[in-house]
Amino acid sequence: MEFTVQQVAHILKGEIKGDNQKKIRNLAKIQEGQEGDICFLSNLKYEHFLYTTAASVVIVNRDFEPKKEYLATLILVDDAYTAFSILLDEYAKIVNFSKSGIEQPSYLSPNAIYGEGLYLGAFAYIGNNVKMGENVKIYPHTYIGDNVSIGSNTILYAGVKIYAGCQIGSYCTIHAGAIVGSDGFGFAPQPDGSYKAIPQVGNVIIKDRVDIGANTTIDRAMMGSTILEEGVKLDNHIQIAHNVVVGKNTVIASHTGISGSTTIGENCVIAGQVGMVGHIHIASRTTIGAQTGITKAVEKEGTTMLGSPAMEHKDQLKIFVLMRKLPDLKARIEELEKKMKELR
Amino acid sequence: MEFTVQQVAHILKGEIKGDNQKKIRNLAKIQEGQEGDICFLSNLKYEHFLYTTAASVVIVNRDFEPKKEYLATLILVDDAYTAFSILLDEYAKIVNFSKSGIEQPSYLSPNAIYGEGLYLGAFAYIGNNVKMGENVKIYPHTYIGDNVSIGSNTILYAGVKIYAGCQIGSYCTIHAGAIVGSDGFGFAPQPDGSYKAIPQVGNVIIKDRVDIGANTTIDRAMMGSTILEEGVKLDNHIQIAHNVVVGKNTVIASHTGISGSTTIGENCVIAGQVGMVGHIHIASRTTIGAQTGITKAVEKEGTTMLGSPAMEHKDQLKIFVLMRKLPDLKARIEELEKKMKELR
Amino acid sequence: MEFTVQQVAHILKGEIKGDNQKKIRNLAKIQEGQEGDICFLSNLKYEHFLYTTAASVVIVNRDFEPKKEYLATLILVDDAYTAFSILLDEYAKIVNFSKSGIEQPSYLSPNAIYGEGLYLGAFAYIGNNVKMGENVKIYPHTYIGDNVSIGSNTILYAGVKIYAGCQIGSYCTIHAGAIVGSDGFGFAPQPDGSYKAIPQVGNVIIKDRVDIGANTTIDRAMMGSTILEEGVKLDNHIQIAHNVVVGKNTVIASHTGISGSTTIGENCVIAGQVGMVGHIHIASRTTIGAQTGITKAVEKEGTTMLGSPAMEHKDQLKIFVLMRKLPDLKARIEELEKKMKELR
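Protein chains in written order, with the numbering used here: chain A, 418 to 761; chain B, 418 to 761; chain C, 418 to 761.
Hints are not guaranteed to be accurate.
One copy or any two copies: either way a pair holds, since identical chains are not told apart in the list.
Below, computed lysine-lysine pairings styled on DSSO-like, alpha-carbon distance capped at 27 Å [as the list claims (entries may be wrong)]: (1) Lys439 <-> Lys516; (2) Lys548 <-> Lys510; (3) Lys613 <-> Lys510; (4) Lys462 <-> Lys548; (5) Lys510 <-> Lys440; (6) Lys613 <-> Lys430; (7) Lys613 <-> Lys665; (8) Lys731 <-> Lys742; (9) Lys731 <-> Lys747; (10) Lys713 <-> Lys446; (11) Lys624 <-> Lys446; (12) Lys742 <-> Lys758; (13) Lys717 <-> Lys624; (14) Lys624 <-> Lys756; (15) Lys731 <-> Lys717; (16) Lys440 <-> Lys665; (17) Lys446 <-> Lys613; (18) Lys624 <-> Lys613; (19) Lys484 <-> Lys439; (20) Lys731 <-> Lys713.
Source of the hints: derived by calculation from the structure; they are not laboratory data. In this text the structure is predicted, and so the values were computed from the model without any measurement.
Chain A with its partners taken away, still in its complex shape:
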């Protein structure tokens, strides 16, 4: 991506002061700005960086009065901080949606349906009866199995694999290496000690505005659907087992694993490396600390859980403090024993 100062000033309705031929390739903090970068200066605590930065362009408030020489081109706006936020959003949108067209070689089943603005990277694979909305961006090496549907404005980065029969909503972002629809982990023990796979004939349904991190896996349901409701945000390396339902706007950090048939409410915040047993329900607005092991249902909304095995956060914190005091408690018991002996 490369932009001119004029393009950016136009987006921000700003006024250019300095060389208006400069090219912008990246956004940066003013203390890290290098050639080709655009930065902003809002808090005057950072003003001295303006006079030393190698950044090509700096967005400043319209009323800002420089006190020394500087090399950057300025863009003057009403509110530099807000302008930079807008620019970040615009830049991300342009970068992420810049690709379009069908690169060759790629594999597009003749009966797949797609809307305007499709990007199909080289070596992408689109199976039979796949339906894709408008402005779908499919990066190279992505695999879309038969009968999958994908809503509009959804991006699948390189190497995403969607098994047959799964449904992906609109405005979703799925990062590289994520797997949607692999078999649930279900095996029936046999008399000879071996295991027989229980057929997993359901699918995965991902609603709108869901983000899925790199290398995260979401298993298909045994029957029915594993579901990520609207607005769910998953980090990298997460495991969502078969028949799990994750409620609307719930956020989960990396390496967390949710066992089969567990359902999670809305607006929960789940930290990294959390584990959860299967077949339980987690109430809405539950917060779960990192490395917590959830062994039973969380029934009350708004609960905060911590520890392995988990208990309520404030109780667990007390236990953590007392664990650190165990040497002291032991010494006090010994002292009591000594005194007791003296008494008798």
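Chain A is fixed; fit chains B and C onto it per the hints.
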């Protein structure tokens, strides 16, 4: 996949009652049945769903007498539950093994050998001297390095990567994104503080009827082989380090990591997010709870381990209970101290 | 790979005793040697294996005198152990760097630049303005986004994905399924309970001699760069979040997750399944035990941390011991209570 009622009735030796032109695309629970689904009704607790379900077909016991109107076509069999189980197995087999032929473009080394029934998805890569048995299904974007062998009736889903020289048995299922044969993590510290990679020149051997979950990784041995014995079942995101041996019919849940050169016995059941140090042996029939940290060998067969660091399950449970009682224990010590003071 | 005894003897400046037509395909321990293997015998404790091994070739010290019949061809060298180490290194180098040329079909942007010795596997994707040094090995299904640079002698195994704008150094090894440059996990809560993605417009910089394990993920910075300094070694399934900096020669084992903006010093050793909160600094030469949860900065160099939540290793070990003694401590409290009652 699409089946007719007749096809299914034929498989189940059942009798059709109703519209025999209906199409079946999926298997579902009767309470979730939608158009195109086939369900079953065995437990009469669920009978009322028959009269409201949108499912196209319902399998019922031959002696079942409906009490109200219903829309579904029925298939009458001796035992609806058993019939549905058979159908699940058949359906899974048909779905999983339905693909055959060589899609283009794919890369098949001229000296690779393969049997009848091969499916080679587009963009699959088969290296030199690869040997594949009959009925092998290789989904798109799968990479099979040089000199790999794959037994009959094995399925490799999209994007599986098998490094050169590894061996995969028959009737195995390897899910998308799984990596077999990456270098073991071995580095020799150098005098300047840097590390030199220890060459990893061994391979991975996967025996028959092994299932491997999505994005699981199995590192090649430093020398010799990392081995998954017959019937091993691995969930997603598992790490099997170099020179590990996992015994027959051992089952491991997601996010568990086994460090280098550890050997695990037969018929163990290992839960999720378990960690194990290297160079130890775990006896057969060991059960390990979720998030457990195994720091030394488990010598007695049939042991159950829990906690981090791990101890025997029943001892650990006592400790967990007492940890929760720490505030009480502290209060009792304080009470004793008070009384002691009064006494003296 | 296949070598003759002469080729190997030449590398080792050794003398052949026996059939000099034998072919060598692999390196093995003498107790596991099979046809086509080369082994070594240095410690005479293992001498008896020489008389039974099926290995084709055994490297021995020049002064070694066999006491029985054997079938292997011998290579006589000054120091068998050192010779075998040299052979391991040579073998690994030859195997890893043996591929060259551009396989078809692959996708190489016309304005990508590359040096001598490139291997570009089939179905590899090289975007616009990519720069690759000499002797770069890109295995099949690897994706290199636009504007990525890759130093000389770097190997990217099958299915690695490098997002646009990231930089990879020289002499790096990145294993299959690793993802470099996926979006950092940053979301701003909205008044309606939903989350808005914070644009992640930075990149990832990987310095020289960095090794990255299979399916490990390294997120791009929000702004600026996520950085792996020279000589960093990462195992499989690791999560490096946005704006993290990992110091020179730091080694991290599998399933460990480092949260956003945390910086780690040089020469740290971090075990598996460790979690770290964001926005902290870990001093150089810190050692962290498996499954540890780091909740705050480690300020003193050379510290060893353990437990979740973490404390210093020697303190944590005391706590672990006392936790196991909780039943005893409780019994002693009860005994004291009993005695106290008797006294009053």
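Inset, instruction - Could you tell me which of the numbered hints above are not met by this structure, giving the numbers in increasing order? - result: Of the numbered hints given earlier, those the structure breaks are 4, 14, 16, listed in rising order.
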